[in-house]
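There are 4 protein chains.
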Amino acid sequence: MIEQLSVALLGANGRMGAEAVKAIDAAADLTLVAALGRNDSLESLVSSGAQIVVDLTVPESTEANVRFAVEHGMHAVVGTTGWDAGRLARLEELLADRPGVGVLIAPNFALGSVLASAFAAKASKYFESVEIIELHHPDKVDAPSGTAVRTAQLISAERTAAGVPSSPDATTTELEGARGSDVEGVRVHSVRLSGLVAHQEVLLGGPGEQLTIRHDSFDRASFMPGVLLGIRNVAAHPGLTVGLDGYLDLGL
Amino acid sequence: MIEQLSVALLGANGRMGAEAVKAIDAAADLTLVAALGRNDSLESLVSSGAQIVVDLTVPESTEANVRFAVEHGMHAVVGTTGWDAGRLARLEELLADRPGVGVLIAPNFALGSVLASAFAAKASKYFESVEIIELHHPDKVDAPSGTAVRTAQLISAERTAAGVPSSPDATTTELEGARGSDVEGVRVHSVRLSGLVAHQEVLLGGPGEQLTIRHDSFDRASFMPGVLLGIRNVAAHPGLTVGLDGYLDLGL
Amino acid sequence: MIEQLSVALLGANGRMGAEAVKAIDAAADLTLVAALGRNDSLESLVSSGAQIVVDLTVPESTEANVRFAVEHGMHAVVGTTGWDAGRLARLEELLADRPGVGVLIAPNFALGSVLASAFAAKASKYFESVEIIELHHPDKVDAPSGTAVRTAQLISAERTAAGVPSSPDATTTELEGARGSDVEGVRVHSVRLSGLVAHQEVLLGGPGEQLTIRHDSFDRASFMPGVLLGIRNVAAHPGLTVGLDGYLDLGL
Amino acid sequence: MIEQLSVALLGANGRMGAEAVKAIDAAADLTLVAALGRNDSLESLVSSGAQIVVDLTVPESTEANVRFAVEHGMHAVVGTTGWDAGRLARLEELLADRPGVGVLIAPNFALGSVLASAFAAKASKYFESVEIIELHHPDKVDAPSGTAVRTAQLISAERTAAGVPSSPDATTTELEGARGSDVEGVRVHSVRLSGLVAHQEVLLGGPGEQLTIRHDSFDRASFMPGVLLGIRNVAAHPGLTVGLDGYLDLGL
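Residue numbers (UniProt numbering), protein chains in the order written: chain D, 1 to 252; chain Z, 1 to 252; chain A, 1 to 252; chain Y, 1 to 252.
Simulated from the structure, these hints should not be mistaken for laboratory data. Some hints could be false.
A pair counts as met if it fits within one copy or between any two copies, since identical chains are not told apart.
[Unchecked claim] The calculated DSBU-like cross-link candidates involving lysine-lysine, where the alpha carbons are at most 35 Å apart (straight line), are:
{"no.": "1", "residue 1": "K125", "residue 2": "K140"}
{"no.": "2", "residue 1": "K22", "residue 2": "K140"}
{"no.": "3", "residue 1": "K22", "residue 2": "K125"}
Model the full structure from these sequences, guided by the hints.
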């Protein structure tokens, strides 16, 4: 018999939550012991015997949810946004008194996306040029995407630390906007196209060669392997971890 | 024995000219009867017996070269830029008196590039969204590229004629330049990357599908099949033809 | 007020049929007057006043459905497979007596896919090399895909007619299968990858350049623009048309 | 003043050697103190004062060249093939007596290619499916490429160690070769296309997402940043290092 982890899910009626119910049910080593919606009381978590709480709720309630879990000795895996510096500091303080409890806060559960950003940043100091193209459905209201901005920041930090100069660019005549936006010295281009979901391509170029790292998200299902990886590993990572890459084996 | 066409080349010492010498020499059905540089007299064209003159010179001399050829009953294939409306009008007038003579003026001899633009324009009225990404080496001084601007104009004309609305775009928060430049309603993004030469991608999207038409120019050699196609077909196209697509069989 | 076309749908309970119900309902110029499932009688079509019948049923019933429509003076748009030469011949015979009635039989309603195949075939005679990569989800049981085989056949026919030699290939040492399958002289490679739906890339190469024509189908919704285009145009195309490209304006 | 490293080049008249002469000359921190061709004596290395010897010769002479360098206390950077297990063992024995001397033997100096293979291997255990497409010019005689075989082996080792099952594949009807070659359980597809140089794409897929890692080599110049990185770092890596990745900072 496979050893079981008992999991409680908060936000079970949202779109991500519904996917997570399916994914946990399909995992042979996980048992879903509670699935709570907006109006359900957290108290039922205690009687459920959950070892791990997954929070896929809303920014307004995520902090209280996680505090409740930690105070009751349960680990937490959190996909909800809204964790600013103040919230993170308060959480770390709380965890200091609970040395065995682990919390993972992951702004992005798509394994491929997390890997793509990490690889692009690491490679960027070996190439003269780097630019980012992100492509999304036309209903998206912000450009560039948050993921592209974060990827550009990681790249910029890596290149600055290694003393790599800016990507060369001889442009003297530019139609407004042609060369994209500038995020900490990295050009980011945002395509909006009917039919697409969420895609990102990092282009790295040097004399006679190009390295391209592309990630495509076709579907919300792409977040589930990351959620499961978080559930299975949170107990082994006591304290606070921000970002799924903290659980990935990326040493090369 | 293969029937031979006699070809004279003007601008034989330039980079394109040097490629053309090699390409004509390698073609079993073409004989290079004259290869003139900057200071050579056009008079030698007459004694060379050339049937077709290829002009790969500079804007300053191309008009005089082509007039000389036409006046002496030779067809002309022209890759030099600088043919504005006035020059074209004067040439058409001259050709009116020489009904058997053909002239091809081609701003772009890369077959693949000409095909890509034609296909993209034709397809564009069947899709909700269309955007262009062009990618070049970082020494390029203008953005977007001339080819991208022409492709966007062809697409815009085709969509307008068919009554297709603008590509949908819900962007309300944009970092300056993120959404690229706007060429007659078509978004064009310009990437500059070390290692690249000249590349263009047209992305067309509709519900649940995407069509991508991409052209890569790796090398000046890519212009030669178009030059040879021009040489072989110019005699069969009397009068003035602008654009290599006029010689391509694109009826689908 | 927009003039309305009255449409009846056969196979309304299938997956394609359900999408079609939504697409017709959403179209301002179309009225769905009947939506029949497996056990419903065709007789109700007559009283519904349908001008156009859309058949998205099964190979076993499609011929009888289309004959019924034609005999009652209704146009038909057919997405069901199973129309072999014998069935087509019988249908043409029937249509000969009904000169005003149009039937469209389309094995593929994805506009982008139909365009991609047509463009690839037309371009293929201008390039030395051509290969096809098709990529699908790992549950697909046949390799290569039917669309890839048809695309290869179109390319082969076009190149043969133009006298273009085979793509060059110096391979002397090959691990079994590395160079893909051979469909009428065109190499076809089949990738099966979790996360994908249905994708095809035609690569065309010549000296110093490459033309790539790629189509991605992410979702069944991609067939609906083609279905609507068929409905709107079938009355203007009396007689039998096989293939959606017969309705597309592809003259370049 | 920039501190200088004194470099001697063996194989200076070959194609790679000629590129290396240019690259070393252009590097402000490197001085080329000797450039030897086939018939030149190694003795001149001693008088040249070279600290580092770069070997870009042929399999027949590389072992003797490297031994000579090590015996004279010079570091060596080696791009020549032909280093089998026996040669490597003899070299390690020699180096054991020369603890301060470093030797780098790199079968592939293209930084981007080395990074791409390392990233693909590391990512492969997080995805259900992985396949490789390699694309080369049509004069290549072997399929798949050596780089693709090595990449597949790295991926296979990583997945096996992590207990990841084979990529799913429901194919029951296959036209011979359609699914590519099988290298230790990884499917590898080889495209040969006029216009191309050397390209490789690793496709990784899971539920609803895809990660693509692509490397393009357009030109021999792409090897030079790797050669320079080797020269600059060999003194800091005493003993034998096989593979440029041993010098790259890939810890993520």
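- Item | Hint check, failures only | none
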